[in-house]
Amino acid sequence: MDQKKDTFTLGGHEFTSRFILGSGKYSLDLIKACVENAGAEIVTMALRRANEGGLANILDYIPDNVTMLPNTSGARNADEAIRIAHLSREISGSDFIKIEIMRDTKYLLPDNYETIKAVDALAKEGFVVMPYMYPDLNCARDMRDAGAACIMPLGAPIGTNKGLATKEFIKILIREIDLPIIVDAGIGRPSQACEAMEMGAAAVMANTAVATAGNIQMMAEAFKKAIEAGRLAYLAGPGRVREDRAEASSPLTGFLRDDEKEA
Amino acid sequence: MRVKIRLNGQTRELDGSVTVSGLLASGGYRPERVAVEINLAIIPKTAYDSTELSEGDVVEIVSFMGGG
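Sequences listed follow chains A and B, in order. So that you can map any letter, position 215 of the first sequence is 215 in our numbering, and since no number is skipped, the others follow by simple counting. Count along the second sequence from 1, then add 1000; that gives the number in our numbering.
What you were told as hints is all true, and nothing was included just to trick you.
Just a few of them, taken from the derived set where beta-carbon distance is under 10 Å, the chain B residues facing chain A:
#	residue
1	1008
2	1030
3	1032
4	1033
5	1034
6	1044
7	1060
8	1062
9	1065
10	1067
No wet-lab data here; the hints were simulated from the structure. Everything numeric in this text was worked out from a predicted model, so none of it was measured. Beta carbons: idealized from backbone N, C-alpha and C, even for Gly.
Isolated chain B, as found in the complex:
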């Protein structure tokens, strides 16, 4: 079952059900350096393992960069 989501503005197809933890791991994101938002709701870090992505989810993974 392929799950289609939007991730950081790009369409992405996932293989089967993926948790937030799984999504971060597959992209090489470091959980302690990012924040994750699904459909405009911030996912707490304690829920990364238990939150599964659904068809049509709009996901943002953000982190800090240099800035003034």
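Extracted from the complex, chain A is given alone in its bound form:
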């Protein structure tokens, strides 16, 4: 029997791996091994003023078959995000862009309203727009209507490793929005990534959880396996939860004993 491949699509591009890897906080020599252990097909990066001196550049370390996903981190409003998107496309040659617009630098919570504006402008220019957002159904609908390729709700503030603090609201997005829902930010452990996939997320993104682990390559592999497991569990359909009493796994007859029947 033919096993149909379980892929997801972003902007017309098909992906098998459901693990998007952030590239921040790594030393460059570790990135390649990490991407390979993670089995990641999409890697994010940031745009900044270049340093002089022809030093090694992150693009030198990312395998060729990986899709680059530049982000607009640093943007405080839609106009700044649009500018960063244009500059990013100039370097990457790719239409993929992750919108990150933050006004507040303490919690780095995304500005949903400016993000909707950026989605609208950039989708019209043919970008594959992936908006990072605070899980709000109304805003997600606006982003979808504006042409977003997916929705990327945060699990917890960036870099906190706190996990799925917004779990119930991510579930709402998964239930109501007919776009890939990619949980991004705050995931700290493979078990949390697994849980996000069990809930029905299309993919998961992690950066700090891997980059700050004791053994980075090992953690990248752990995340890969957890995400595959969570996706498989989702497809398999988890068994029902019984609230009121236990339910024995074996027959209640044929016990190896001769005493009176119990009430």
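Got chain A sorted already, so can you dock chain B onto it with the hints?
Chain B in isolation, oriented as in the chain A frame:
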């Protein structure tokens, strides 16, 4: 003739007329790894050799770094 520009937020004085290619070379920037913006307009790579910097130009040279 000294040409004063802003480069990546810093004031810079150039000796005579400099092209974008020349500016990249003098700073050791790798053309294939950067994007260049002059006065908020992105300069296409094909124009690096022919675009000369003028007095008061605000130049940004950007590239990718690690990020999530």
